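Peer 1: Given the coordinates of chain A, assemble chain B onto it according to the supplied hints.
Sequences listed follow chains A and B, in order.
Going by our numbering, the first sequence opens with residue 7, and the numbers climb by one from there.
Going by our numbering, the second sequence opens with residue 146, and the numbers climb by one from there.
Keep in mind that the hints were calculated from the coordinates and are not lab data.
It should be emphasised that the depicted structure is a prediction, and the values quoted were computed from it without experimental measurement.
Don't be surprised by glycine CBs; every beta carbon is placed ideally from N, CA and C.
Keep in mind that a hint or two might mislead.
DSS-like mimics (lysine-lysine), calculated; alpha carbons at most 30 angstroms apart, straight line [stated by the list, open to error]:
id : chain 1 : residue 1 : chain 2 : residue 2
1  : B       : Lys-187   : B       : Lys-221
2  : B       : Lys-191   : B       : Lys-221
3  : B       : Lys-221   : B       : Lys-186
4  : B       : Lys-221   : A       : Lys-18
5  : B       : Lys-189   : A       : Lys-18
6  : B       : Lys-189   : B       : Lys-246
7  : B       : Lys-246   : B       : Lys-186
8  : B       : Lys-221   : B       : Lys-189
9  : B       : Lys-246   : A       : Lys-18
10 : B       : Lys-191   : B       : Lys-246
11 : B       : Lys-191   : A       : Lys-18
12 : B       : Lys-246   : B       : Lys-221
Some chain A residues near chain B, calculated using beta-carbon distances under 7 angstroms [as the list claims (entries may be wrong)]:
id : residue
13 : Phe-80
14 : Thr-82
15 : Ser-93
One-letter residues, chain by chain:
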Amino acid sequence: MAARIQIPPRAKRGEIVEIRVLIQHSMETGYRHDDVGRVIKRNVINLFSCRYNGVEVFRADLSSGISANPYLQFYTVAEASGDLEFSWIDDEGQQDSERQSIVVNG
Amino acid sequence: MKRRDFLAGAAGALALPGAALAQVDPLDPLVWVVTNGAPVKKGKVKLVLPQLADNGNSVPIRITVDSPMTEADHVKSIHLYSERNPVRNMANFYLGPRAGKAEIDSRVRLAGSQRVTAVAKLSDGSFWYDAAAVVVTLSACLDES
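Next comes chain A alone, as it looks inside the complex:
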């Protein structure tokens, strides 16, 4: 599950920073069938979370109502230099995470 996550590399203290996340995932709905007519099992990312230096700042429960290759854009206040850790898990239990660092000055 590759992901593309964009956060500004540096920010002023107190600045609201934009976070953009795009995860490569089919978000299989469970309503489709394969070539021989078998139902393709539902497999969607059901939980996504973002932690800023260990503190959760954003969390989302997703469902099959979210497009394939889910895109999420949200905001957080730059409080201190450190890491933003993004993690997600799908119905098959496959977990993945990504870490990006931000430098906060001022």
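Peer 2: Showing chain B alone in chain A's frame:
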């Protein structure tokens, strides 16, 4: 009955379901889970969707809540509901004062033209919503069609 009265009545009858739909049903079990029966008022939340979506598999959506996002007054969660999708509760987002700004952008799947509703829970325990109608030309497929 005069023709004019009949037309006025017919127009009223047509307008009524629309008015009834333009509210969040607090008894809807999916909403009840979140609100516990509390009233859901219109306002504060702004839901932006295209009026016409060519492809229901990926419809851009933006939810904004008018909130200062401070420790004392912030948005706790935003819940997204669809009228016609097989899974009606499309997504739940949990925010806090650390978010700085209550705005979320994403892309959703829509199985047909419908109204999408966003309900926001604020830190003072009040609930607010907004709804937007979308016409979807090509539905997100439910089968192999």
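Peer 1: Now look at each hint and say whether the structure bears it out.
Peer 2: Hints and how they fare:
1. For the suggested pair Lys-187 (chain B) and Lys-221 (chain B), the alpha carbons sit about 17 angstroms apart, so the restraint of at most 30 angstroms is met.
2. With a C-alpha separation of about 16 angstroms, the suggested pairing of Lys-191 (chain B) with Lys-221 (chain B) holds against the 30 angstroms cut-off.
3. Taking the CA atoms of Lys-221 (chain B) and Lys-186 (chain B), the gap is about 16 angstroms. The hint holds against a cut of 30 angstroms.
4. Using a Cα cut-off of 30 angstroms, the hinted pair Lys-221 (chain B) and Lys-18 (chain A) holds, with the two alpha carbons roughly 25 angstroms apart.
5. For the given pair, Lys-189 (chain B) sits about 29 angstroms from Lys-18 (chain A) by alpha-carbon distance, which is consistent with the 30 angstroms threshold.
6. Annotation: proposed proximity of Lys-189 (chain B) to Lys-246 (chain B) holds, straight-line Cα distance about 13 angstroms (limit 30 angstroms).
7. A threshold of 30 angstroms between alpha carbons decides the hint, and for Lys-246 (chain B) with Lys-186 (chain B) the separation of about 21 angstroms falls inside it, so the pair holds.
8. Under the criterion of a C-alpha separation no larger than 30 angstroms, the hint pairing Lys-221 (chain B) with Lys-189 (chain B) is consistent with the structure, at around 14 angstroms.
9. For a cut-off of 30 angstroms, the pair hint linking Lys-246 (chain B) to Lys-18 (chain A) stands: about 16 angstroms separates their Cα positions.
10. Taking the CA atoms of Lys-191 (chain B) and Lys-246 (chain B), the gap is near 13 angstroms; set against the 30 angstroms cutoff, the hint holds.
11. Restraint check for Lys-191 (chain B) and Lys-18 (chain A): satisfied, since their Cα atoms lie roughly 28 angstroms apart, inside the 30 angstroms limit.
12. In summary, the hint linking Lys-246 (chain B) to Lys-221 (chain B) is supported, as the alpha carbons are separated by about 12 angstroms, within the 30 angstroms threshold.
13. Because the closest C-beta pair between Phe-80 (chain A) and chain B is about 5 angstroms apart, less than 7 angstroms, the hint holds.
14. Hint status for Thr-82 (chain A): holds, given a least beta-carbon distance of 6 angstroms to chain B, under 7 angstroms.
15. Annotation: Ser-93 (chain A) was flagged as interfacial toward chain B, and the flag is violated, the nearest CB pair being 14 angstroms apart, outside 7 angstroms.
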